[in-house]
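Chain residues, written in single-letter form:
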Amino acid sequence: MAVVFQKTKGLTDKQTHYCPGCTHGIIHRLVAEVLEELDVLGETVGVAPVGCSVLAYEYFNCDMQEAAHGRAPAVATGIKRALPDKVVFSYQGDGDLASIGTAEIVHVAHRAEKITTIFVNNAIYGMTGGQMAPTTLIGQKTTTSPYGRDSNITGFPLRISEMLATIDGAVFVERVSVHNPAAIRKAKKAIKKAFEVQLEGKGFGIVEVLSTCPTNWGMTPVNALGWLEENMIPYYPLGNFKSPEEAK
Amino acid sequence: MDQKFIFAGFGGQGVMLMGQLITYAGMFEDLEVSWLPSYGPEMRGGTANCSVIVSDREVASPVISYDATTVVAMNLPSMDKFEEEVEKGGKLFVNSSLIERKSVRDDIDVYYIDANDVAVELGNAKAANMVMLGAILEITKVVSPEAVLKALEKIFGTAKAHLIPLNEEALKRGAQLVK
Amino acid sequence: MAKVLMKGNEAIGAAAINAGCRYFFGYPITPQNELPEYMSRELPKVGGVFVQAESEVAAINMVYGAAGSGVRVMTSSSSPGIALKQEGISYIAGAELPAVIVNIVRGGPGLGSIQPSQSDYNQSTRGGGDGDYHLLVYAPANIQEMVDLLQDAFDKADYYRNPVMVMGDGMIGQMMEPVEFKERPEVDLPAKDWAATGTEGKRAPNVINSLFLKPEELEDHNIRLTEKYDIMKNNEQRWETYNMEKPEIICVAYGTTARIVKSAIDTLKGEGIEIGLIRPITVWPFPEKAFVELPESAKMFLSVEMSMGQMIDDIKIVNQGRLPVEFYGRSGGMIPSPDGVVGKIRALLGGAK
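Chains as they are written, first to last, in the numbering used here: chain V, 1 to 248; chain S, 1001 to 1179; chain H, 2001 to 2353.
It is worth saying that the hints were derived from the structure and are not from the lab.
Treat the hints with care, since some could be wrong.
[Stated by the list, open to error] Listed next, the in silico DSBU-like pairs over lysine-lysine satisfying Cα-Cα at most 35 Å (straight line):
no., chain 1, residue 1, chain 2, residue 2
1, H, Lys2214, V, Lys141
2, H, Lys2182, S, Lys1160
3, H, Lys2269, S, Lys1081
Given the structure is predicted, the values throughout are model-derived calculations rather than measurements.
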């Protein structure tokens, strides 16, 4: 019997704790498949964040280090500088990367660290119970913006990829989504490219993945995918902002 | 027996170097030594000073507090600030090329050295600190001029080795001024 | 090796490189800048890595990352910067990683001053970050001791898998003294088979972590850490005593302050007044063994510090109510003078004697 699909070796057998319909699972699988396809699982050290993916170190089937909130790029820097021949990645959510860890993400790009960051943007703090994130959309209700995000009070959603693309040391910047199978295939291609950029020693690479949080958005998984497409993509346009060809 | 020096002047006069030379030389002569610089906003181009202790036993406190056996003032602000730090019976060396006033102390020995003028005569105004150091060595006998020259070779290395004859001459001229 | 004259901050760098440290992550702050500058100059010559981080917070997290990779790594800062590093220090302690942290203490609180101080005693000996943990904390009194202890610090960090702090002050960082880099015997240390360096497909993944979501697991972890700290308490206490034959007063002072106290003791000895000194070389663990048997002549303790009396509590704990504990200190960057200490001792002994 021909095997048409099997679980990637890049993930452990541990069952994830993610909520039903959460897209973290898909993104984990894409990263793990890429590491397996590039045959670097044994040479990889991943850095887990604080947030919903805090337990990512239990799911990725490679050496892992758990970082403090927002510090994953600094921790990854320490690892990559100590192990320059290894593959190092950080996996971070939007509270971790776009709020408490803005200094670390900007400067990992500024130093052109040869690491890869997977940035999962679901426009909300999931782990702590659905508070407003810097990426929360205008009008979006959260437990700390109960009347909807009001730009007069809380400013405007932060576009991380666009910002990082202005930094010379960031040589690969792409925003993708996982709201349908076609988008997932594109997301995997971008993640693979980001790791290849690291393997080629070209500089810092980041893939921002638009993701859902059905639990804290208060939607069914299917509705959440639709909400992502209709509300997030218009504000956070998909596409490649930077690749080594143009970075030079 | 402790000798406690304060060297003070403005940045570029080589006061830190004077202190380091005595510290190095003391080490070469198997004495206990410490060198403590002032540090802070004033070190960015303003006044500079360092405290040097040379002793035949372990240096207790590297800090000099109104008990300097010798103060070296290379400019007027330094003299104004540190003149009172000389202990009774101690010594004050004044760079009289740049400082016009006389010391107000009558309980210490004061030496007026035309350090800059002599250095200019030698062909390099920058050697004023070495002229002064020559006088200090002659009076205090804290370390030998030979040890200071050895320290100078150590600090200058090969890059500045060509400057050593000039500095040696400056040390000698300084010593002659107080003989 | 012959003695060389070095500035304290640079001697730390040289000692670290001698001890096999090849990774340094730092951030500028006075009065320790000569140390990162030295490392940026010297580490590349020996194949090492220097990174100037964007903040103290990032620097200590880089240390955490590199330590997780099993390399010898160090960072340095001064008081407000060390306060920022507490997050990472707690993670390093929690994940049981070896690392060396140098604190060249300056006056506080807040931005304080840039002058020498010992006002980080509590921050260093009581943890400083979140959770139940301890650092091994060395407090050298001169540059030679700083160099010797710094090299020990790397071995102890590896041996205990625990962060080690070397605490000096602005004075010891800035001053120059002769120093000798001694040949050191190789210490037999366990292999770092826990490091996250890539599995190479040969073993199960290693995870560097301080998260234990199940209360019973975290409690077990805390109990195990405490057992380790108890071993450290038993084996790592270091101190020096001075003139302790028949002292009327026992001074307790560490770091550069102890030198000033020694000077005062010598002065008083010349007048026939006997004063002793216990100088903690480790401030954690506090050298309680030095206080077990006290000379019968001793009437009181005198804690001398460049702070407002942070060490008094530890002296009271090991004193166990036997003698009064007095205090003399200067703060804010003011340095106690031998005369000041002598004056305090005279006053305690009831005026001129």
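To see whether the hints hold, each was checked on the structure:
Restraint check for H/Lys2214 and V/Lys141: the C-alpha separation of about 32 Å stays at or below 35 Å, so the hint holds. At roughly 30 Å between alpha-carbon atoms, H/Lys2182 and S/Lys1160 fall within 35 Å of each other, so this suggested pair holds. At roughly 33 Å between alpha-carbon atoms, H/Lys2269 and S/Lys1081 fall within 35 Å of each other, so this suggested pair holds.
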